[in-house]
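Protein sequences, first through last, are from chains A and B. No gaps in the numbering here: position 33 of the first sequence is 325 in my numbering, and each next residue is one more. No gaps in the numbering here: position 268 of the second sequence is 285 in my numbering, and each next residue is one more.
Bear in mind the hints are in silico, worked out from the structure with no lab data behind them. Where hints are given, some of them may not hold.
[Stated by the list, open to error] Covered stretches of chain A, going by a simulated chain B footprint (3 or more residues, C-beta under 8 Å):
hint : segment
1    : 308–321
2    : 328–340
3    : 362–376
4    : 384–390
Quick caveat: nothing in here was measured; it's all calculated off a predicted structure. Beta carbons are placed, not taken as given, at the ideal position from N, Cα and C, and that holds for glycine.
Spelled out, the chains give:
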Amino acid sequence: MSSAKDVTDATFADEVLNSKDTIMVDFWAEWCGPCRAVSPILDQIASEHSDKIKIVKLNVDDNPQMAMKYQITSIPAMKVFRGGEVVKTVIGAKPKPAIEADLAEFLV
Amino acid sequence: MRQVIIIGSGPAGYTAAIYAARASLSPVLIASSVEAGGELMKTTEVENYPGFAEGIQGPELMIAMQAQAERFGTEIILDDVVKLELEGDIKRVTLGNGDVHEALTVIFATGSAYRKLGLEDEERLSGHGISWCATCDGFFFRQKTIAVVGGGDSAMEEATFLTRFADKVYLIHRKDTLRASKAMQERAFSNPKIEFLWNKEVKHVYGDELVTGIGMVDTQDGTETTLDVSGLFVAIGADPRTHLVHGQLDLNPDGTIAVEGRSSRTNIVGVFAAGDVIDPTYRQAVTAAGSGTVAALDAEHYLAALPKEALPKEVVAQADTQPAAV
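Chain A with its partners taken away, still in its complex shape:
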């Protein structure tokens, strides 16, 4: 699984909402095959753009409050947060170039 740091219902405010960085939250679950497929790609993007964007992951099984609050109905769902607000949502496992294109505005 991904090497990204885990965030939880309890730590979400501190780690994501109150962060000064651009943070992408990867909503995932153990039973989600496409989540497992996309996670190494997110790791790559995170390490190649570590100065631009941080990537953390939230297990939707263990953290139902945040999954519900952000109206997750399909995973993998990747939401980019800036200043406590969702500024971008990417849904589904896609090849790396497609995800990079979705995130282009945050990677330059």
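Assemble the complex: chain A is given as a structure, and chain B must be docked to it using the hints.
For chain B alone, coordinates are given in the frame of chain A:
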């Protein structure tokens, strides 16, 4: 330079790899970056794959097929093919990362892609209540009312699976008979949470942020009705995934790749096709696996018949130094 490149990682691709690897052809298999294992990765219990009396989980089956292909020396690459040049003696395959692989033969086993409803708001609400994967997304519809569209095995399987989470599942079909197998039909019919809506075609999906309902039209009398649902699972079939070979390989009118008789030979010599991408009819894991076998054997025979002096030196050297099949 390779002897064979296999494109696709479903039952057809992996089985072709197992046979090609055991024939000492040192295949490379391009598995895709995010869809390795193919459609079965999104299923749960597979009850009709021979050899598993108690059934097997789809992902588990695909991981086993991959391991079996690797055991005999298949190299698996997790990337996507972006360009194929199939004409001529040497085939060129370009990957998403820019790498170019060359081979004497290509086995094309890319399967099929889910068909969309073709509705106005479908793209916008995808992932916001519209889904093509019950096993991925069913979890989020606990105690909700949802709908499944379709009349085949996948629609029955999805509807049945979704009753684990949802309170109520409408199964919407535009005809009054199902294409699904008897076993799957009966399972759906006997499930108290599933209600069938016959002769209905979905025409609209409603919702701003999330799906809130759908609009349907009766295919018999044209009556329009709406239904409040928070999820819509689409299982109306799949189309062969052929965009990489358009203009190169001949297609049948139904969109599948045309092959010669019962073989896997396409209109280009040295290019073989297998699995759902050539099959408009059966589309089972086990028929795809059988089709992958045919393609590997066809490729092997083709390579064996090539005059040695026509082969690039490195391939001849490779073939001479390889151990006999395991």
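Hint check:
no.: 1; hint: 308–321; verdict: violated (count 1)
no.: 2; hint: 328–340; verdict: holds (count 3)
no.: 3; hint: 362–376; verdict: holds (count 6)
no.: 4; hint: 384–390; verdict: holds (count 6)
Figure legend: structure checked against the earlier numbered hints; the only hint not met is number 1.
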